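Novice: Here is how the chains run, residue by residue.
Protein chains: 2
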Amino acid sequence: MKNNKVKLGFIGLGVVGGCSVNLLNRNKKIIERKVNASIEIIHLCDASAARLKQYSRQLGHKVKLSSDWQKVVNDPSVDIVIELIGGRDIAKKVIIESLKAGKNVVTANKAVLSENWDEIFSLAMSRGKVVYFEAAVCTGIPVIQALNEGLASNRINRIVGILNGTTNYILTRMFREHISFEDALKQAQKNGFAEMNPYFDIEGIDSTHKLSILSSIAWSCWVKRENIYCEGISKIQPIDIKYAYEEFGYVLKLLGVGKNCNNKLDFFVRPCLISKNHQFASVEDEYNAVLIEGEASGNIIFYGKGAGGDSAASAVVSDIMFLAKEVNMGTAGRVPYVNNSHCETLAFLPAQESAGKYYLRFSALDKPGVLSKISGILAKNNVSIAGVFQKEPVSKNKKAASILMTTHVVREKSIRDAVKEIDALSIIEAKTVLIRIEEMAV
Amino acid sequence: MKNNKVKLGFIGLGVVGGCSVNLLNRNKKIIERKVNASIEIIHLCDASAARLKQYSRQLGHKVKLSSDWQKVVNDPSVDIVIELIGGRDIAKKVIIESLKAGKNVVTANKAVLSENWDEIFSLAMSRGKVVYFEAAVCTGIPVIQALNEGLASNRINRIVGILNGTTNYILTRMFREHISFEDALKQAQKNGFAEMNPYFDIEGIDSTHKLSILSSIAWSCWVKRENIYCEGISKIQPIDIKYAYEEFGYVLKLLGVGKNCNNKLDFFVRPCLISKNHQFASVEDEYNAVLIEGEASGNIIFYGKGAGGDSAASAVVSDIMFLAKEVNMGTAGRVPYVNNSHCETLAFLPAQESAGKYYLRFSALDKPGVLSKISGILAKNNVSIAGVFQKEPVSKNKKAASILMTTHVVREKSIRDAVKEIDALSIIEAKTVLIRIEEMAV
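Protein sequences appear in the order of chains A and B. First residue of the first sequence? That's 69 in my numbering, and the numbers climb one at a time after it. First residue of the second sequence? That's 69 in my numbering, and the numbers climb one at a time after it.
Check each hint, because a few of them may be wrong.
Straight line, CA to CA, 25 Å or less: simulated SDA-like cross-link-like pairs of lysine to any residue [claimed, not checked]:
1. A:K254 / A:I307
2. B:K332 / A:R101
3. A:K344 / B:K332
Where chain B lies over chain A, by a calculated footprint (3+ residues, C-beta under 8 Å) [claimed, not checked]:
4. 207-221
5. 364-376
Heads up, incomplete: computed chain B residues facing chain A, CB under 7 Å, no partners named [stated by the list, open to error]:
6. P210
7. S221
8. N222
9. C329
10. L333
11. S350
12. I368
13. A375
14. S379
15. M389
16. K393
17. G401
18. R402
Read the hints as simulated data drawn from the structure, not as lab findings. All values derive from a computational prediction rather than experimental measurement. Every residue, glycine too, gets a C-beta built ideally from N, C-alpha and C.
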């Protein structure tokens, strides 16, 4: 019952592209049986002639080779363009021009999708084509599909994700080995878990792109980067990881969080403390996890590797299979994969209005009246204290004491105002550390 | 762009049926937007007139009401039959007759699917219809879809599941409160987590049905109950849960496991010890989890509530939505959802050939030479010891000692033969306890 050949053009044969070609080729027989059509790679494109040679040889059949992506996009035989070149400008052009040329697209490019969501999906809708992008978030974990299909009946109350492998690796090392951020970053770079320029990962930008994509699907509304409060992990000190764990039972993770608070959407990417008993506390190293709280499904957690060529290839090729079925039946794009019609009914909560519990570490002179002054300012700003722990000074010569506190739920603005006022006191020796606590049912 | 109305007939308005009708009705607007078609419940069927009245009133529009399921199946206006009556014989008839009448089907009935897999899906294929069943395994966790679509490109190496909420609740209570199986079962019944007749749950039958379904999809091959070695938890003693945790760092779970061992498929449902550091160790109470090890994706874990009406409704209504899209486009059943063509190439591993590590507890007289005799018999049967711990007798009057051992990987037959020989010794006071250890990368 194989009706047609579905013809693929690959643009970009780096790690993910190469692994995807390999996976398709290796499992060709079972893939075609599942899809009920034959799937053929007919065009490969990469800047490197050596790679083109390598992969065309592996395929073992005749295939067009190009160094110019436009050749693939304008190849009338290609049904599906697989964009895996990374980066921004050219990748965006590849996606846009492919849709204009009547192709369906598979991509793993989170930055381009997150930053051009409306343009890409409006174009796809108007052209009756689809863009699939499972690999863009948490690589091999099928969480995009779950939001779009398996949990489609739910209103989504909350999404919480450990979305970036690099930062999770670094925080795991800081927690396990009591080392500084800088040393943990060096380890991550040495072991291939961080890039030489780690800015986008450690400052939370990558997580923000991924949260933007998940949230745009969950709430049928383009959630832009600028709608998401973003704070990275580069200022985290190991002492807070240690204190929060030992004194209050929390583990520190870089979380991406989206939640519906009385029809206002609250979004942030920031280091958060979570209960050491929650499943997320044991998500370590380069692993990722996403919690989706649906009104009917309750909390569902998806967990797996958040990086790696094979892991991404699993998602890319699964997308190709799903799309190939639809191409073969002539139904691809008949129902939009992404729908933005919900925007008008939901508002964004300003970051200052976001409410939560907090962990605070004050560095104060070891003098009478210090606790009274700090707690007085907190009270004045409506910050209610949940727990206090004062660490005795390490040496007798040191005059500063660490005072740790946790608060009840309070608005971001109130706690920031209080901290600002406290930090201006002469008894305060160093900037107060402020970390959000994210509560999740275990 | 709403082309058609997709018309639903519900058979069975118990907990899951009622919650599904509610969810569909409550989220009608966003559901129809996502599906791009209007979805209407036009026929409700239940044995109870009170329920029919209750749900038809909630719908707020005219709907046919029947106490006879055949009326729904033979209603020419119905596009999709939703079978939620549970049980076996009638439920099977509903599914079969619906397909014969040209309807697509959504069901949550694991027993009927597991026991009639080939008949149901061959009929569906020949009639060009589909049967969707996400709620049949782990209710709201979208794991069927993940196997079928999001991970479709992978060869599956292994599936491990905590698939039954009742037994997981009981084992959690035994672990946390050091109580007997009988007392934990009573607690589960009292708190609504076990039925009055808990046989199917506690003896592993329910888990076997679910493993059968997951495995039949994963390996494109009907895995029947009789292909799955099955052992329940009713003989588990709290002392082994305690010793295994304290002395060896293991937690006891009822696992359903399927794995590909050199192209032979090994299946079992049995109490297993797993590392206390593995994510599964923190899956507690009525929660479920499934680990899928794909060749490319690596280990992916799905976690969530394994029971409850709303949780099941999340899956049932998501199935309805996906199917409604296809019905509306005229493509439902064009590609079979379940494909059994792989059977001929894979063989089943006999249970006696299954290999793993084991935990043993010998109850032996406290006499010289006991350890030598036991270890001699183990060695003769090629059982290699990994760890040993001998608990000192609790009271001086008691002559029996508990000797705990863990083994390296060994065939089931070898360890059974050894235990049989050891249990025949006069120094052995009680039947030796034998529990499989399942190793999973953390």
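Novice: Now tell me, hint by hint, if it's right for this structure.
Specialist: Hint check:
Among the hinted pairs, K254 (chain A) with I307 (chain A) is consistent with the structure: their alpha-carbon atoms are about 19 Å apart, no more than 25 Å. The suggested pairing of K332 (chain B) with R101 (chain A) holds, with an alpha-carbon distance near 21 Å, which does not exceed 25 Å. A threshold of 25 Å between alpha carbons decides the hint, and for K344 (chain A) with K332 (chain B) the separation of about 40 Å lies outside it, so the pair is violated. A stretch counts as covered by a chain when three or more of its residues have a beta carbon under 8 Å from one of that chain; for the segment 207-221 of chain A and chain B the count is 10, and the coverage holds.
Proximity of the segment 364-376 of chain A to chain B, defined as three or more residues with a beta carbon under 8 Å from a beta carbon of that chain, is established by the 11 residues found. Interface hint status for P210 (chain B): upheld, as the beta-carbon distance to the closest one in chain A is roughly 3 Å, under 7 Å. Taking 7 Å as the C-beta cut-off, the interface hint given for S221 (chain B) holds, the closest approach to chain A being about 4 Å. A hinted interface residue such as N222 (chain B) counts as satisfied when its beta carbon comes closer than 7 Å to some beta carbon of chain A; here the least separation is about 6 Å, so the hint holds.
Interface restraint check for C329 (chain B): the shortest CB-CB distance to chain A comes to about 18 Å, outside 7 Å, so the restraint is violated. Interface hint status for L333 (chain B): violated, as the beta-carbon distance to the closest one in chain A is roughly 15 Å, over 7 Å. Given hint, S350 (chain B) at the interface with chain A, holds; its Cβ is 6 Å from that chain's nearest Cβ, closer than 7 Å. Among the interface hints, the one on I368 (chain B) holds; its C-beta lies about 4 Å from the nearest C-beta in chain A, closer than the 7 Å criterion.
The closest approach between the C-beta of A375 (chain B) and any C-beta of chain A is roughly 10 Å, which is over the 7 Å cut-off, so the hint fails. For S379 (chain B), the shortest C-beta to C-beta distance to chain A is roughly 6 Å, which falls under 7 Å, so the interface hint holds. Checking M389 (chain B) against chain A: minimum C-beta separation of about 5 Å stays under 7 Å; hint holds. Evaluation of the K393 (chain B) hint against chain A yields a held restraint, the C-beta minimum of about 5 Å falling below 7 Å.
Interface hint status for G401 (chain B): violated, as the beta-carbon distance to the closest one in chain A is roughly 11 Å, over 7 Å. Interface hint status for R402 (chain B): upheld, as the beta-carbon distance to the closest one in chain A is roughly 5 Å, under 7 Å.
In the structure shown, a violation is registered for the earlier hints numbered 3, 9, 10, 13, 17, in ascending order.
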